[in-house]
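K.L.:
What follows is each chain in one-letter form.
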Amino acid sequence: MTLATIPTSTTTLRRRARSLPGWVAIVVVAGVVAAPVIVIVASILDPTTEVWRELWDTRLPGMIRDTVTLLTTVVIGATVLGTGLAWFVTAYDFPGRRLLGWALVTPLAVPGYVLGFVWLDTMQGPLGARAVRSIWLCAAVLIMALYPYVYLLARAAFRDQSAATVAVARSLGCSPWQAWWRVTLPMARPSIAAGAALVAMEVLTDVGTVRLFNVSTIADGVLRVWFGTGDRNAAAELATLLIGAAVLLIAVERLLRGRARYTQGGRAESVAPRRTRVGTTVAAAVAGWSVVALAVAVPIVKLVRWVGEARATGQTIAVEGDLGFHVTSSVRVAGAATIVCVVVGTTLAWLARRRGTAGQVVARTATLGYAVPGPVVAVGVVITLAALDRRDWLPDGVLLVGSMVGLIYALTVRFLAVSYQGVEATLAKVPPNVIAGARTLGAGPLRVAVRVELPLIRTGLLAAAALVAIDSVKELPVTLLLRPFGTDTLSVWVWRATSESLWVQAAVPSLAIVALGMISVAILQWALDRGAEVTT
Amino acid sequence: MTAVSPRIRPAFTAPEVRDTTGAAPHPAALEARSIRKVIGGRAVVDGVDLAVQPAELLALVGPSGCGKSTLLRVIAGLEPADGQVLLDGADVSALPAERRWIGLVFQDHALFPHLRVDQNLTFGVRHLSRRERATLVGELLELVRLPGLAKRYPHELSGGEQQRIALARALAPQPPVVLLDEPFANLDASLRDSLRTDVIAALRSRRTSAVLVTHDRDEALLVGDRVAVMRAGRILQVDLPEQVYERPVDRFVARFLGDAAFLPGSDGGVLMARPHDLTIEPGGADRVLAHHYFGSMWRYEVGRADGSTVLAEVPAGSRLLEVGSPCTVHVVAGHALHHLD
Numbered sequence: 001m002t003l004a005t006i007p008t009s010t011t012t013l014r015r016r017a018r019s020l021p022g023w024v025a026i027v028v029v030a031g032v033v034a035a036p037v038i039v040i041v042a043s044i045l046d047p048t049t050e051v052w053r054e055l056w057d058t059r060l061p062g063m064i065r066d067t068v069t070l071l072t073t074v075v076i077g078a079t080v081l082g083t084g085l086a087w088f089v090t091a092y093d094f095p096g097r098r099l100l101g102w103a104l105v106t107p108l109a110v111p112g113y114v115l116g117f118v119w120l121d122t123m124q125g126p127l128g129a130r131a132v133r134s135i136w137l138c139a140a141v142l143i144m145a146l147y148p149y150v151y152l153l154a155r156a157a158f159r160d161q162s163a164a165t166v167a168v169a170r171s172l173g174c175s176p177w178q179a180w181w182r183v184t185l186p187m188a189r190p191s192i193a194a195g196a197a198l199v200a201m202e203v204l205t206d207v208g209t210v211r212l213f214n215v216s217t218i219a220d221g222v223l224r225v226w227f228g229t230g231d232r233n234a235a236a237e238l239a240t241l242l243i244g245a246a247v248l249l250i251a252v253e254r255l256l257r258g259r260a261r262y263t264q265g266g267r268a269e270s271v272a273p274r275r276t277r278v279g280t281t282v283a284a285a286v287a288g289w290s291v292v293a294l295a296v297a298v299p300i301v302k303l304v305r306w307v308g309e310a311r312a313t314g315q316t317i318a319v320e321g322d323l324g325f326h327v328t329s330s331v332r333v334a335g336a337a338t339i340v341c342v343v344v345g346t347t348l349a350w351l352a353r354r355r356g357t358a359g360q361v362v363a364r365t366a367t368l369g370y371a372v373p374g375p376v377v378a379v380g381v382v383i384t385l386a387a388l389d390r391r392d393w394l395p396d397g398v399l400l401v402g403s404m405v406g407l408i409y410a411l412t413v414r415f416l417a418v419s420y421q422g423v424e425a426t427l428a429k430v431p432p433n434v435i436a437g438a439r440t441l442g443a444g445p446l447r448v449a450v451r452v453e454l455p456l457i458r459t460g461l462l463a464a465a466a467l468v469a470i471d472s473v474k475e476l477p478v479t480l481l482l483r484p485f486g487t488d489t490l491s492v493w494v495w496r497a498t499s500e501s502l503w504v505q506a507a508v509p510s511l512a513i514v515a516l517g518m519i520s521v522a523i524l525q526w527a528l529d530r531g532a533e534v535t536t
Numbered sequence: 537m538t539a540v541s542p543r544i545r546p547a548f549t550a551p552e553v554r555d556t557t558g559a560a561p562h563p564a565a566l567e568a569r570s571i572r573k574v575i576g577g578r579a580v581v582d583g584v585d586l587a588v589q590p591a592e593l594l595a596l597v598g599p600s601g602c603g604k605s606t607l608l609r610v611i612a613g614l615e616p617a618d619g620q621v622l623l624d625g626a627d628v629s630a631l632p633a634e635r636r637w638i639g640l641v642f643q644d645h646a647l648f649p650h651l652r653v654d655q656n657l658t659f660g661v662r663h664l665s666r667r668e669r670a671t672l673v674g675e676l677l678e679l680v681r682l683p684g685l686a687k688r689y690p691h692e693l694s695g696g697e698q699q700r701i702a703l704a705r706a707l708a709p710q711p712p713v714v715l716l717d718e719p720f721a722n723l724d725a726s727l728r729d730s731l732r733t734d735v736i737a738a739l740r741s742r743r744t745s746a747v748l749v750t751h752d753r754d755e756a757l758l759v760g761d762r763v764a765v766m767r768a769g770r771i772l773q774v775d776l777p778e779q780v781y782e783r784p785v786d787r788f789v790a791r792f793l794g795d796a797a798f799l800p801g802s803d804g805g806v807l808m809a810r811p812h813d814l815t816i817e818p819g820g821a822d823r824v825l826a827h828h829y830f831g832s833m834w835r836y837e838v839g840r841a842d843g844s845t846v847l848a849e850v851p852a853g854s855r856l857l858e859v860g861s862p863c864t865v866h867v868v869a870g871h872a873l874h875h876l877d
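If you're matching them up, the sequences are chains A and B in order.
Take 1 as the starting number for the first sequence in my numbering and just add one per residue.
Take 537 as the starting number for the second sequence in my numbering and just add one per residue.
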């Protein structure tokens, strides 16, 4: 450091004072969003021993076993499938490559619980009513529903790799296959691991799919304790198990990464897709399209046929069936959650951006909710809001618990990470000199944000919004637990019908969810094609 | 510089070596014969013949997009092409990149970001015990003057260090030939000079043949034992640096390697004059257009009576001719101008 750059103590103080409002803003926003998670974690400090003892004696061992089995199977399956497909569409050139690349993202639009009951019904014939409700079929369904997370991240990683690195590996004696195994795959590993972590979070969170297959996971247990005993504290304590598992997962992933870095800095020429033997290409293309067929085409065909059957037999389609009402509810909830997530995420990322590691750490506490399963977030939000409601701060008769505000708050806690990380990654790509240039031209920080940074991160914002929207439309447990009276979303409708095994009744709302999801997937794809980043 | 221990077995099955007692006692370390590579209907490399002698450093120079890098990739076996590639007299055209045993260094270093320096260095060398590995790493790091960096990750190194490690990695399996594609292009000038010196020293100490691709004419003249000038997929001239500079085959080569003026010869041919071939004296039909001070000399831009412009040099210390003053250009005594065909 040269003398000139050492600030005198007064300028330091002045600078601190000037940045104080920014710090206050970060801490307040992050604190509000993180509160429900902190509340849950705090509940373990005062454990209710009887509940634990009873759980341990009865269901807990089975729940842990099922959770671990399901988690391992789905994570391994989705990782292998997602990575393999991503490699195939980036490295090989074949007719319909772009179309398949796009189609492989579409399973994101089909919720696991929809895919679940479709396959449950399809396999009931060959397997029998009892055998069909197995943890393995449940795992297969979740693999099909969740592999796109790995696929998207792995595809981006493979695309960014420099061709020179592979060329050097070849010149050092690696066959194409060895170069893939020793260089290409390890370089993509952090992205693949991040995708796998996302899949793991989704499995830990899932309640809709596992319930269909009678797999009693811990998340399912939280829901059962809540509804069965009404004991929110016990549910919260059980939920800490899940937070523990999530934290462990993230820690393991970070540890594996170690000091190594995987990006090469600078944009080098990436590996060009090449043609290979016809046999190999055909086999891989068939595999790719089969996945799309199993995860998207079969469910849609089946759902459409159910709707048709119901029409023909004059059966009432809906349980309490007003499609328009439910679509409006879903769009309103998901739309509000998306807007709040993107606005809060952008604000946080922008505030944290020039505040070093401390700023990043504070901002990131706000994204903890993503590692916490939906039912747990719901419990945390209820405990937090109930505390506020008891304080009499609000006008008489207004309660936050069970209000639209409560639901959007919970969805924000849950999905803020998705928007925050997307925005952060795109913001980081804005060259500092561009901003410096704008500043020297007389633009203040706010003007720079609006005139320079915002336009530059537009596609990133759009991708983040699309991802939050997809997640919010499909979201079940938080909506189920916190929806205001009279606000029934499509996912809740599906849940009510499927919990009575009324598949035909669930067909209409399921199709509507898939349709809304497809719109978001198309927006996501559009943004990705224009340089938006997928990150975790 | 330490010699690397001879126990190292490279990961390659070396290409079949032709009987050296045969017709050619010293086959070229690397020979390319009528290489032709068509991309999108355009011949990017258009019938190139090139030979590199053992321990020779050949600089391949040409403007961007002339096909230098593609030629390098073809030689390395990374791209299929028509023609033959021979290593030490053996035809390796049919061998994939991993069995050719040719080292590669790229502009963007292309170190494996997930591996430490020592793991990068030993990537291409297998069947070594832990101790042999450590010895090899030590020797290589000393060769590129970076001792003690074995446990670092690539992103923890500076740009120059990364490029040194990239060279050491290419040399680790002791390949007879190393190809370097613009290896110094990403570095700033001060770093480039010292790195260049060390890289050449390392290649020489291992008696490794090398092809160094560059678009920088000064670099080509400085480092090449011989210089090959390439344009639009063809090699125009291969010769000693002073030959290509002083006796270029055509106007393109003449201009590409330095400033040149073309004067009519007495026999109706064309003569090439470098700035140091020409000088001026006051008075005459020519005019001084500009002057530039180079410390050791003044360089004048002179507008000639026939409308052409030439560069001429005058040793420092002589009287400065102001812009616009009349002068006469003539050839420096004792300089014979090169006759272009």
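These are calculated hints, taken from the structure and not from any lab test.
Note that CB positions come from ideal geometry on N, CA and C, so glycine has one too.
Hints may contain errors.
What the hints assert, rightly or not - Derived list of chain B stretches under chain A, where covered just means 3 residues or more per stretch with a C-beta under 8 Å from a C-beta of chain A:
(1) 629-637
(2) 665-677
Claimed, not checked - Short derived list, chain A residues pointing at chain B, Cβ under 7 Å:
(3) GLY77
(4) VAL80
(5) PRO186
K.L.:
Work down the list of hints and note, for each, if the structure agrees.
P.N.:
Do the hints match the structure? See the list:
1. 629-637: holds (count 6)
2. 665-677: This one is violated; 0 residues, fewer than the three required, reach chain A with a Cβ under 8 Å.
3. GLY77: violated (25 Å)
4. VAL80: violated (20 Å)
5. PRO186: Holds, about 5 Å.
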